[in-house]
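J.: Listed here are the chains, written in short residue letters.
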Amino acid sequence: MFSFCTDPDTLSDLAWMACYLTTGKHLNFYYAFGTVLVLLAITAPTALAFGFAGASAARSRVLPLSLLGKGYIAIVRGVPDIAFFMFFVIALDQGLEFLKHQWVCPDWDQPIRQGNDFLVCQAAKVPLGTSPQWMHKTYSFFVAVFTFAIVFGAFAANVLYGAMRAVPRAQLETAEAYGMTHRQTFWRITVPQMWVYALPGLSNLWMVLIKSTPLLFLLGVEDIVYWARELGGTKTPRFTDYPHGDWRMWYFLVLLVFYLAFTRVSEVVLDRVMARLTLGQATTGGDAQRKAEA
Amino acid sequence: MSCVQTIMDYGLRSLGYGERLLPRTDFTLCQQFTLIGSGLIWNIYFGALALIAGFFLATALALGKGARPAWIRKPSEWFIFVFRGSPLFIQFFFAYFLFLSLKGVSPVFDPFSSAWLGALVVLFFNTAAYSAEIFHGALKSIPRGDVEAADAYGMSGWPRFRRIIWPTMLRLAWPGYTNEAIFLFHATTLVFFSGFPAQQQKGDALYYASYFADKTFNPFIPYPILAFYFVLLTLAITGIFGLINRRLNRHLPAEQRRKIRLRPNLIR
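As given, the protein sequences belong to chains A and B, one line each in that order. Per the working numbering, the first sequence starts with residue 121, numbered consecutively. Per the working numbering, the second sequence starts with residue 4, numbered consecutively.
So here's chain B without its partners, still in its complex pose:
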C-alpha cells in the first residue's frame, strides 16, 4: 500500500472519516506519521478554541481579581485558585464524572460527557484561570504615567480601559501569555487519558502514539514522531504570537520592544 493511499485512508481517521479499522500488523512509518498527525487535529481543536474563549474570560477574571468590591474579587480569586491549585488531570476526571451524573438530571448535559465538549469546557476554564493570573500581574504593572496621561486627556471608564489599560496590559502580558498558549497545547494531550472516552478510537495525537507504542512494544518511533509534531506546533504558535507581539509593540522605539523569551512546558 502506497503512502498516498495511507494518507487517504487515515488522514482524517481521528474525525471518523476514512478507514474504520486501525492498522493491526506491519506498521509502516507512513501509517504512524499519518495517524499521529491526524490525531493532532484534536489537539489543535482543543487548544485553539479553549485559548480563544479563555482569553475573554481571563480578561474578565483579571479585572475581577483587581476589583475593589469583595463580591467580585472573592469569586474571581477562588476561581483562579481552584483551577491553578489542582492538577488538570484531576479536573478532567472530576468534570467527566460530574457530567456523567448530570446526564441523569437533564438531557441537556448529554454532549458534555463526550470529549469534544466536556474536555473543551475544562480546558477553557483552566486556561482562563492561568491567563487571568498573567493578565492580573500585567494589570498591576501598568506604568502609572500611562494612566495619568489618560486622565489628563479626560478619558475615564470604558474609553480609558479600551484605549489605554487593555492594550498596555496585553503588551506587558504577551510574553507570559505565549508560554501559557504553548503550555495549553501540550496539556491537550491529557484529554483522552482522563476518563473522557475516545469513541470508535477517534483520539488525539498522544492516543495514537501510545496505541502504536502498545502494539509494537517500541516507544522509540511513535513518541519521537509525536515530539516532532509538537515542536512544529510550538514553532507555529510562537510565530503567530510573535506577529501579534510585534503589532502590540509597534509604537515603541525598536530597542524597547520586548522579545518573547520562551519558557514553555511545565505540567499543570
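Here chain A stands alone, though its shape is the one from the complex:
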C-alpha cells in the first residue's frame, strides 16, 4: 500500500503496523464490514415485506391463508434460530437444484437421493460447476439474505400482527361508517396507523438482526468473523512478510467494539424516530410529549 512497505523487517513498530493493516487480506477484511452492512440493508426491507405478508395472511378471513400465516409465524419462532439457519441453507440449495433438475433433465432415470448422496444432473447444479468464483460467492450471499429474511420475516410478522390489532377499534368503526370496504379500511386506516405500535417491536428486531449477522459465517459467507479468524491466527515468517503470534483475541475485540458502537448508534437513531412518530398520537408517549412542551 505505502511506498515504504517493501521490506517490513526493517520498519519501526508504527510503520510496520501501518503496512500490516493495509495488506490485501486486510482490505478484504474491511470489505467484509461492507458485506455485513449490505446484508443488513437488503435483509431489513425484505424481512419487513415477508413480515407484512405473513401478518396480513394471518389476519385474513380466508381460513387456509390465515392458517398459513399463523403456521409460518409459529414454526419459525419455536425452533433455535441457528438450527433454522443451518437447515435452510441446505434445504434451499437442494430445493433449487431439484426444481432445476426437473426442468433441465426430464429424462434422467436415476433416483436423486442415492443413499447418502444428493445427485442431480450436471446441468442442474446451482450455480453451475463451471461458473466463475464470483457467481458462487454471490449465490451464497443471496441464499444467506433469503434465509435471514425468512427467519426475521416471521418475527416481523408477529410484531406487525400485534400492531395491526392495536390500532384503536374506533378508528376502524369510523372507516366503516364512511362506507369503506375491508380493503380500503386496511390500506387507508390500519396500515398508516400501525407503525407507531410496531416500532418498539421492530426496533428490538433491528437490534437482534444486527447481532445475528455473525451467523453469516455459519452460512459459508466470507464475513468479518471468517477474516478475523483468518488474519488473527499465528503467522510464521515462512509464509508472510508480517509474522505475528496469535492475535485472534484482538481481532475479535475489534468486532466486539464494532457491534457495540453499531448498537449504540442504532439506539440513538431509533429513539429519534420514535419521538417523531409519537408526535400528536393518542398514546401515553404522545401525551407525555404534549405535557413536556406545555
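Hints are supplied without guarantee of correctness; some may be wrong.
Unchecked claim - Here chain A is said to cover these stretches of chain B; the calculated rule only asks that three of the stretch's residues, wherever they fall, bring their Cβ under 8 Å from a Cβ of chain A:
(1) 78–89
(2) 94–106
(3) 214–222
Calculated directly from the structure, the hints in this document are not laboratory data. As the structure is a computational prediction, the values presented were derived from the model and not from experiment. C-beta atoms are modelled at their ideal positions from N, C-alpha and C, and glycine is treated no differently.
Given chain A, put chain B in place with the hints provided.
T.: Using the frame of chain A, we list chain B on its own:
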C-alpha cells in the same frame, strides 16, 4: 443392530462414554434420535447452570443499576450494555481466544479454554446481563403502595428487601424471565460453533444434528429431530417456570394472577 443396543452405545456418547466412533454409514433413525438426544445433555448442562448462577448475579446487577452512587451504577450499566449490545457469537469467540492467551500466563486458566467451563462462563455473564435488565424493569415497576406499607410496618434495609421488594420484583419479572430462560437454552446451541472445540466429538445436540446433515446431505431428518427435542425442552421449562409463577402469585386473587405469555426465541 437393535435400537436398544444403539441407545446403550450412544446414549452417553456426548459425555465420552460408550462407543468411541460415531456411525459413518447406514444411518438409522434410531441412531440420529439417540445421538442428538445425547447431545442435548450438554444443552441442559449449559442452560441450567448458567441460569441458576446467572440469577444471583442478575439480581445484584439489577440492584446495582438502580443504585444511586455512580461507582456502583456505572459498572452495572456497562456490564449490561456490553453483554446485551454485542452478539453472543462474538462473545464466545472473543472469550475463547482470550482464555487461550491467558493460558500462557498461568495454568489456572487451562480449563477455561474447553467448552464445559469457558462457554459456561460466557453464558453465565450473558444471561446475567439480560436477566438483570428484566429485573431492573420489574424493580422500577414495584407498586409504591407495597413499599410504603413496608415502611409503615417499620421495615427497612435488608428485611424490607427480602420480604417485600425482592418477591414483588420476581413476581413482576417472572413472565419475562421465563422467556429469557427459553432463549438461553436455545442460545446454548451456539457453543460448539464458536471456537470452543468439541473434543473427541463430544458435542451438543446441534453439533450431532449438523454432523448427520453433513454426512447424509439430508437436512430434513436431523434438524426436525433437533426441533422436536427443543420443543420438548421448551415445554419442560415452561412447566417448571409456570409452577414457580403459581407459587410467587399464590397470595393474589385468582383473576389478578399473571399468566405467562410465551414470546420465546430471538437471536441474541
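J.: Checked against the structure, which of the hints given earlier come out wrong?
T.: none
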